[in-house]
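For the sequence shown, this note's numbering gives the first residue as 1, with consecutive numbering after it.
Derived by calculation from the structure, the hints in this document are not laboratory data. Please note that the accuracy of each hint is not assured.
Keeping only pairs whose Cα atoms sit at most 30 Å apart, straight-line, the calculated DSS-like set for lysine-lysine is [claimed, not checked]:
(1) Lys114 to Lys99
(2) Lys83 to Lys99
(3) Lys29 to Lys74
(4) Lys99 to Lys73
(5) Lys82 to Lys66
(6) Lys66 to Lys83
(7) Lys83 to Lys114
Each pair of labels, with its calculated beta carbon distance range [claimed, not checked]:
(8) Lys82 to Glu35: 30 to 40 Å
(9) Ala122 to Asp58: 28 to 38 Å
(10) Val62 to Asp92: 12 to 22 Å
(11) Ala121 to Asp58: 33 to 43 Å
Here the structure is a predicted model, which is why all the values come from computation and not from measurement. Glycine is no exception: its CB is placed at the ideal position from the N, C-alpha and C atoms.
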Amino acid sequence: MSIHIYRNNIITHEGQSTVDDFITEIQAKFDEINEVENLTVYSGYHGDENGDWFIDFDDQEVADTKKSATNFKKASVFFISKKASTLLSDEDIKSACKKGNVFFTWCDSDTKIKSIMGELAA
1 MSIHIYRNNI ITHEGQSTVD DFITEIQAKF DEINEVENLT VYSGYHGDEN
51 GDWFIDFDDQ EVADTKKSAT NFKKASVFFI SKKASTLLSD EDIKSACKKG
101 NVFFTWCDSD TKIKSIMGEL AA
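All chains should be built: construct the whole structure from the sequences, respecting the hints.
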C-alpha cells in the first residue's frame, strides 16, 4: 500500500486498505500532499484490485474521512459513491488529470488511473 504523487500533482493510492490504514498512509505523506494548492480530493468508496468501484463507505468511514480531511486546508473533498450516482466516468478522470492537483483516494486508484491515462510521470 502506498500513495503516489505524479507530475501535475496527480495523487493516487496503490493497494487495498481500510480507511484507518489509509489515513495513516496519508499522515506519512502529509507535508507533500498539504503543499498542493487547490487540491481536489475524491473519496467515498473502496475500489477493487482494478481500481473500479467495489463498495461505498459506511457512515463511520465517511465520518473518519471528513475528520482527517480537516487537516488539509488547501483541499476540497468530494464524496463520490454508487449510491449517490456520483462515481467518476473515465472522461471525468481524464479531465481531472489534465487539470491536475487531484487526489484519487480509493483502493487501487493507481491502477485505475493508469488504465485510463497510461503511465504517469513522477
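Hint check results:
1. Lys114 to Lys99: 16 Å, holds
2. Lys83 to Lys99: Holds, at roughly 27 Å.
3. Lys29 to Lys74: 15 Å, holds
4. Lys99 to Lys73: The given pair, whose Cα atoms are some 20 Å apart, holds under the 30 Å limit.
5. Lys82 to Lys66: 18 Å, holds
6. Lys66 to Lys83: 18 Å, holds
7. Lys83 to Lys114: 25 Å, holds
8. Lys82 to Glu35: 30 to 40 Å: 32 Å, holds
9. Ala122 to Asp58: 28 to 38 Å: 34 Å, holds
10. Val62 to Asp92: 12 to 22 Å: Because 21 Å falls inside the window, the suggested range holds.
11. Ala121 to Asp58: 33 to 43 Å: Roughly 36 Å apart at Cβ, these two residues keep to the hinted range, so it holds.
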